[in-house]
Amino acid sequence: MYLNLLMMFLAAGLIGALALLVGGLIGPKKASEDKLAAYESGIASTSSARERFPVHFYLVAMLFIIFDIEAAFFYPLAVHFQVEPQFLFVQGLIFIAILAVGYIYVLRKGVLAWR
Amino acid sequence: MTLWTILLPLFGALALFALPARGAQRLVVLFATLFTWLFALALPQAQPFEAPWIEAVGLYWSLDPAGAGGVLVLAAATVMLPAALYASFAVRERTRGFLALLLLMQAGLNGIFLAADLVLFYVFWEATLIPSLLLLGIWGGEGRRQATLKYLTYAVAGSFLMLVAILALRPLSGAPSFRLADLLPATQALPFSTQLALFVAFALAFAVKLPLWPLHAWLPDFHEQNHPSGVADAAGTLYKVGGWGFFAFALPLFPEAAAAASPYLLALAAFTAVYAAVIATAQTHLKRLLAYASLSHMGIVGVGVFGLYLAGLNGAMYLLAAQMLSTGGLFLITGMLYARRETFDLTAYGGLAKSAPGLAAVTLFTLFASIGVPGLANFPGEFMSLMGAFQRSPLLGGLATLSVIAAGVYGVNLYQRLFQGEATLQTRELRWGEAALLAPLLTAILWFGLFPQPQLARIDAHAQRTVARLAEPAAQGAAVHGAALAADATHGEDE
Amino acid sequence: MTPAPNDPLIVTFIKALLLCVLLLGAFAYMTVIERKILGRMQHRLGPNRVGPFGLLQPIADAIKSIFKEDIVVSASDRFVYFLAPFISITFALSAFGAIPAGPAGSLFGFNPWIMDLDIGLLYVFAATSIGVYGIFLAGWASNSKYSLLGGLRSSAQMISYELGLGLSALTVILITGTLNLREIVDTGVWSVSPWLWVPLGIAFVTYVISAVAEVNRTPFDLPEAEQEIVAGYLTEYSSIKWALFQMAEYVNMMTAAAFISTLFLGGWRGPAFVDQIIPGMSEWPFVWLILKMALFMFLFIWLRATLPRFRYDQLMRFGWIWLFEIALLSAIATAAIIAFVL
Amino acid sequence: MFDASVPTEYYVALSALIFALGAVGVLTRKSAIMVFLSVELMLNAANLALVAFARGWAAAGTEIALSGQVAVFIILAVAAAEVAVGLGILVAIFRYRHSTDVDNLSGVRL
Amino acid sequence: MIDINWLTLAPPLALLVTACIGIVFGIGFRSTRPTALLSLVGVGVAFLFTVLLLGRSGAGETLSSFGLRYLADQAALTFNVVILLGTALTLFMSYTYLGRARLEHAEFYPLVLLSATGAMVMAAAGDFITLLLGLEILSLAVYVLSAWRQGVRESEEAGMKYFLLGAFASAFLIYGIALMYGATGHFTYAGVVALLSAEGFDQPLLAALGGVFILAGLAFKAAFAPFHQWAPDVYTGAPTPVTAFMSVVVKAAAFAALLRVFATVFPALGAVVPVIFAVLVGLTMVIGNLSALVQRSVKRMLAYSAVAHAGYLGLAVLAAGQGANSGAQAVVWYLLAYTLMNAGALAVMTLITDPNDHGDDLERLAGLGRTRPYLAALMAVFMLSLAGIPPLAGFVGKVLVFQAAIQAGYLELAVLGIVTSIVAVVYYFRVVGAMYFREAEYEPQRARSQMTNVALGVAALGTVLLGLLPGWWYGWLSVGGPLLAGF
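Residue numbers (UniProt numbering), protein chains in the order written: chain A, 1 to 115; chain B, 1 to 495; chain C, 1 to 342; chain D, 1 to 110; chain E, 1 to 487.
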């Protein structure tokens, strides 16, 4: 079953690699320093772009990790849900309640208020 | 009543913190020490005390007032009464703490002498260390930090090993608890090598506190650096309880090992007695001299104990009690001297007898007691101790006797330097207050010297048990050295 | 449900290649169609020069992008710079493989899907999520400020909307009790109980909105907002690599369209009434799926022509607060209905 | 078939290898982020082992096999929580350090 | 259906709910004091539940949840008492401290409570996964707490270091659990033990390896010697109340877990795990004490002394592993005593150091006996108790530990332990000496706090009472019954 997956990746990867290869071989190579500089609307670049990201991005990333993983917990619950729905419903609600505490905290803390 | 000898000083110490007024504090001290003394006097009639401590582990609050410890409690209480009162006058700064520590120390001492559970004994043994350390560390002289550290190191190193031995004792012997009564029959079955190892661990701790020769180095510094009132030294004298440890615990618990080790310990003790006495003759520092003198007495106590004869054991315990009185009294007198001259250097004194004949007389009396003049406190003990040693080994006994001669030398030397010769300065005569403080001590010294019988009887009952223990292995025919010992022991009882 | 029979590996490989080619072909014509539709909506003609009605335009575009100079910015991280478009296209194409296009054995005796996974739904999520790496790495490797911002924005946006996506899909799973896409289609979510139509409808709407954001289409195309950050993560890319990103975007759109159809609209099944016209018509492979996909593709284009772009903070608040909460509530409502009503 | 032909030991050996790699990474790397990634590697090695064992135990009973897989889930959540906290601490450090260079992340030494 | 006995879960749940309320409403307040008071109430409620459960458990009821995965037996409940005590002391200490040190953020108290929740779960774990979850709940909160002092290098590095090494250790624990599962197919202690001791068990090596890994993971949390390197830096870098919390509650939890695993699972693994652990214990006692000996900073000295005490506790755990019930009791007792005296010592430190925890060198303590006599007296009591000098709590703890160790046949280790505690006396006494035997060289800090005084009073009273009347408490704290429910 999972070999099929491999086949899919092989085919897709082949297409991608082929395209890159063709583009690399056929395209002209007439480089110049200006052409190879980073584009900054015509103004010469002064510093590396790899600066510190705003903290908000990290916060969002962390929130995502937490909430997404916890959303992932719902999937087994959902698949199993039909078997004992009422018990699982209560269980899920408790889980959501705990999650909600974190969510409300994050909201009140203003992490999601962008400026 | 047994318990109260421990609780009363304890409560006294607590009460001190509640009472800021100096007079009230003095009253508290007086009441605490006086009633403790009364309780100590009544100990022969007291009931043993026993309460579970941690029953599951076999720990009990077990106190036995009947043994020789009762005599020591009495002697300690006799010294503590004047000492504490004197301290309330002579210690000028942080008096309250000083007095509280003294009382705590008395509580601990009484615990040491009365404990009949080994762990409890250890608790008191260590608990007493703290006040004596703090007395030295807080109120001591210039070199107190070194002295404290030295004292701490010696004391703790020895005693922790003893803790191992105590803790190992129950599982090894299979006794149901740590009470002496349970342990005594159980240790009988221990193999000789185990006995020896445990005995060595105990002996190390006791030898530090006895102290025996190579382990005595903390003692002179301890006395030299203590508070000039001499009270702390007197208390420290009370705390030389190594001999008691040997007598009450190490010997009866490990009779075979004790018998095997006794020749070596006897030699050490004899050497200590002579060595210290000789050193004492050369001292010019008053307190150091007394320290070495005291060490010499302790050597004689050791000699008595390690002779393993009834007479020696009796004598050693009696001497222990008596020297508490005499040496303790001498240390108190040094405090009074210091209050007059502000120095301990003997060369700065001289001719005090002219301006202060009363002080001179009191000092001479106590000094005579200390060097073992017949009729005074130390003599019976010293005599019996040496006699015990003679029976074990005439050579070592003879050696130890030399210390008595040396004692005469330093005693006379000390008296001459202090009171005779040219009077360099006028000195205050003994005050009434001071005399009143010393009076009970002197009375006790006389009483101990003239009527040793009541106290000796109590000690003897205890010592009989110990000697019986020492003889037991022979009765079973277990070992050759045991057989020889039994023969000697019966001989000893004929005294 | 019975597991479907497996095809031989080589057949699978050929099918996979075929799927890739088909998707790329569809991409090519999607670009033309999009430009045409946008033109119409804006009262213009759109491309009409190359070939009849401009139908050869994509071929011209392809030739042009292949023969353009391939610029590699000097300050870039070369390996990652090449890797980014590769990841984008590979996983965009792969994601489609789990979506069934018809009943078993309906493709000349073979199955009309590349793989039939028990966790098909998770697989599609996973494969599309990895696409984010392509975009983020592109922005980072270029070492250009615009690119980096574009990359950051896209990753922040995508992860924000994945919550809505995941929770909306949860509604479907609660109903079907399986993660296998084939079985989800077979169940037919809307046929289970009319009670569930309300929460399911809400979940459908939130899912579509999240999906639009997930594929970076207007009004959520902030990663390449040309007015603010030139072209975002694409700024430093040219020639075939640029084309690959474009491909990936359109393939992602198609995957999203097919996936929504599969989850909510019965996938490859046609509506039941068509069976009364031609019996078995609703079982025809490919036809219905492609029709539904076309519907959504038109929706995407329509949105692009109609709506202005969100501001960044609006976008995040919308995702984290509104979509997240509504999707969660719809899932809870569904669960409650299943547990206590049905 | 394919799944059954690979014995459990192979998976476990692989997981042990990954675990060892992670451990070595933790011990040799100096940058906080790299150490952190190495730890994640170790966690994933444990997950791999769990899944492999769970498959191995499948013959003994579903419940036993499932418990292993559930454990993987829990460990994933644990790892996620660790990531969040770790990144949080890192971000807090950099926020106060007023550094503008991402490479300064490697300045946090053990 | 899963069996859930809500009453057994009540103590940690009380803390959890309080933490949740605190974290949601706490950020509305400017001051953290309302949250602190709320947290105290939560701890009180949890304590009441614990006492209720103790009563029930004492009456012979078997309390557990989730099919023996969560055990509310005598052992767990007594550990709960220790944990709650430590938490309460921390709360009292932090009350004024946070404002003084400018560390007032609303999340502090909820995090402390969450951490305590994790500790209780760890103590009650009857299952490796429950253990892991408890450990993580505990640790994650503490990682954050140890980095609480933002913008200060020591604290940040403490947090980072603790976090990275902690994560490393949990990776070991998790891998060990995986191996154990591979060998036995179970996560519950009962299941594992049943299979380990079953006929024809064919994976002893794998199980032993798993045991070693689990041991390594737990040994880190308990700061055993080769894994102790984080302890001094973290203890020094973290704000003092957090240090107290770590050295007390985290330690209690780690030892609760270690004890249960050691008394149930490990004996079935053969001799290798106890031998390794014995080596660790020996190393810990030696290294902890010797390192503490050379420290000039009191906080750092206490950090190393915490390592040393871990060694003594480990000795008791070893004894418990040999089936000596006295070992388990010694662990609880020692932890209780340690909680009181160490938290007390650190509470004193909060009052005599700068707001940013500097100035904890020995020189700074010089003359404290004169300048702040009561504080100095309390510190002296704590130090002497830590040194194991009778008649304070620490001494009884040591007696129980060594007694148990000797009974279980670890005579050599007991001797080593006693020898090292001689060393310990020196460095503890150095603090006392500095306070009393030396003249003040610096103007002392004049920080005062009623709430910290409460903590100090409780700690000092406990230290003395535990030492003087150990029998009263010993019976009450006794970890009666087997450590493994279901047998």
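The set of hints was computed from the structure by calculation and includes no laboratory data.
Mixed in with the good hints, there may be bad ones.
Stated by the list, open to error - Covered stretches of chain B (in silico footprint by chain E; criterion: 3 or more residues with CB under 8 Å from a CB of chain E, positions within the stretch not fixed): (1) 43-57; (2) 110-124; (3) 157-166; (4) 408-415.
No residue lacks a Cβ here, since even glycine has one placed at the ideal position from N, Cα and C.
Now the hints, each set against the structure:
Check on the region 43-57 of chain B: 6 of its residues sit with their Cβ under 8 Å from a Cβ of chain E, so the three-residue criterion for coverage holds. Beta-carbon proximity to chain E at under 8 Å applies to 4 residues in the region 110-124 of chain B; the threshold of 3 is reached and the given coverage holds. With a cut-off of 8 Å between beta carbons, the region 157-166 of chain B has 5 residues touching chain E; three or more are needed, and the interface restraint holds. With 0 residues having a Cβ less than 8 Å from any Cβ of chain E, the region 408-415 of chain B misses the three-residue criterion, and the hint is violated.
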